[in-house]
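K.L.:
Those sequence lines, one after another, are chains H and P. Its first residue numbered 152, the first sequence is counted upward by one per residue in the numbering used here. Its first residue numbered 216, the second sequence is counted upward by one per residue in the numbering used here.
Don't read these hints as lab results, they were simulated from the structure. Ideal placement from N, C-alpha and C gives every residue a C-beta, glycine not left out. Mixed in with the good hints, there may be bad ones.
[Said to hold, decoys possible] Each pair of labels, with its calculated beta carbon distance range:
#1 R624(P) - I172(H): 43 to 49 Å
#2 D207(H) - G545(P): 28 to 34 Å
#3 L162(H) - V492(P): 23 to 29 Å
#4 L678(P) - L162(H): 37 to 43 Å
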Amino acid sequence: MMIPIQDFLLLGALRFGLGVIGVILRRNVLIVLMSIELMLNAANLTLVAFGRARHDPHAHAFAFLVMAVAAAEAAVGLAIVVGIFRNRRSVNLDELTLMKH
Amino acid sequence: MSFDPAQLAQIAPLLVVLAGGVFLLMLEAFSGSRNRSYLMPLTVIICAIAIGLELASWSDAAHGSRVIFDGMLTADRLSIFMDCVFLTAAALSAMLSAGFMREHRFEHGELYPLILFATGGMMMLGAATSLVTIFLGIETMSIAVYVLTGSWRRAPKSSEAAMKYYLNGAFSTAILLYGIALVYGASGATGLAELGQRASVLGTQPIFILGMLLILVGLGFKIAAVPFHMWAPDAYEGAPSPVSAFMATGVKAAAFTTILRLFGTAFARPELATGVVGWANILAVIAVATMTFGNLAALRQDNVKRMLAYSSIAHAGYLLIGVVAMGVVGVEARGPVLYYLVAYTFTTVGAFGVVAWLGNRGDERLQIDDWAGLASRHPAAALAMTIFMLSLGGVPPTAGFFAKFYLFRIALESAAPWMLILVVIAVLNSVVSVAYYLRVVTAMYFREVGREPQPIRARGMSLALVICAVATLAIGILPGWLSDLAALATR
């Protein structure tokens, strides 16, 4: 039985929405990073679902590229979190207020 | 579909920059000496070689646009022109960095390779003719710039700026990617030219429109357009000043190049541009919000660096008028945008450069009071800053005046009444902006010295400031040749 493409797209949209809500509402940097990963995953799922529906291998190749790039981005993000933690022993976004005017 | 190694020659400048970055990284890691002063000249030389290669291919690029790697990249005159802008910004920022890092004791040699990698990303972005390469270029550029922002590790402000920039940047990338996925799903194409052709069949299919709007939001973050600007003041203020200069010019110019290509090629159809949810209409509203907010916020800043950050938001608003004009009058509106980007690059690098130059160790001297009486101690630097401030405000005979003049002129060519309103708002905004730019000038010339300035003494820094000041004046006094060149680049 083939799962229809709408299901994939719906799941992708839901995950993307959850990711956006997580980024906006959560204040712990690590949770926000995970939410961003969720959004990237949702985009990737959508891409692959469309690629399968269109029988287009390019979309799958693009999805792999996205994964590689997302991994690089996450590595840099975690390094920045470590830098923040070293400076102030906290990963709460609400405490990043050195430059509020 | 096949890989043709001969096409590598057409992206030689990009390869030189990326290979140069790797080379410097290795050199820095494996050279025994603690002395890092050779890295800056090498960076500038690599940029100069790449510019030379770009210029050598300028006349070749006239014979039709060159398609590279099955339409992933191109090497047309638009990309050559913008690559030179990115490389110039990179070289000038590197020249500013050397003295700045030595003074503030964070001589990390990785800074120069990172500048080159970011520049490579920008060049990829400038040449990208496919959604895939646009994504790759944006990420290559952004990831390197996140690290650059946080490179002053001991300064808490710097890592905080990096965090905010990173979170907003990664968030916008995810939105952009979701938009790309939807556009691909609706059309089955990722190449910009192909998308442009299929758009006529697709018309205003909701998924396609939604994807286009999400891409617009993602790019809106990169150019710091209101309401996607909230990261920009903190990121520009917290980053080391030479990096702020690079971010405000290179990153913004690269994002604008993509916007010009994407919306001028893939989404160029009138129903997509000026339809009910057309991007030109949306961008017109965003342009008004961006310049008005940027200027009003800049007015009440006492911190010169933060003022420049808000002013750079305002300039993104002016630039968006050119993009809107492109939706209405067509691709010839790209020329004034390119001219503006060149003028803005030299001026902004210069302004952030003077900010970087003035501070000394443990004391960045960012408040406007710290600038009081600078003209009596360092007349040359005060003169350079005055040139930059006048140019940012759009006062003749500086580059900023003609940049605004050409931009508003092309916007008025459309004869649509709402374009006239847009230009009137922009002119009012530039009048307001002169007020806060002149505040710096009056502080330098008409106030007594408070604390004695002890600026950084570095030859590279002085040279970069002289180049920026001379270029800002030269472009302003002889605007014709650059305007012709920009027009050629967009044909």
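K.L.:
Hint by hint, note whether the structure agrees.
P.N.:
Going through the hints against the structure:
{"no.": "1", "hint": "R624(P) - I172(H): 43 to 49 Å", "verdict": "45 Å, holds"}
{"no.": "2", "hint": "D207(H) - G545(P): 28 to 34 Å", "verdict": "32 Å, holds"}
{"no.": "3", "hint": "L162(H) - V492(P): 23 to 29 Å", "verdict": "26 Å, holds"}
{"no.": "4", "hint": "L678(P) - L162(H): 37 to 43 Å", "verdict": "56 Å, violated"}
Comparing the model with each numbered hint stated earlier shows that hint 4 is the single one that does not hold.
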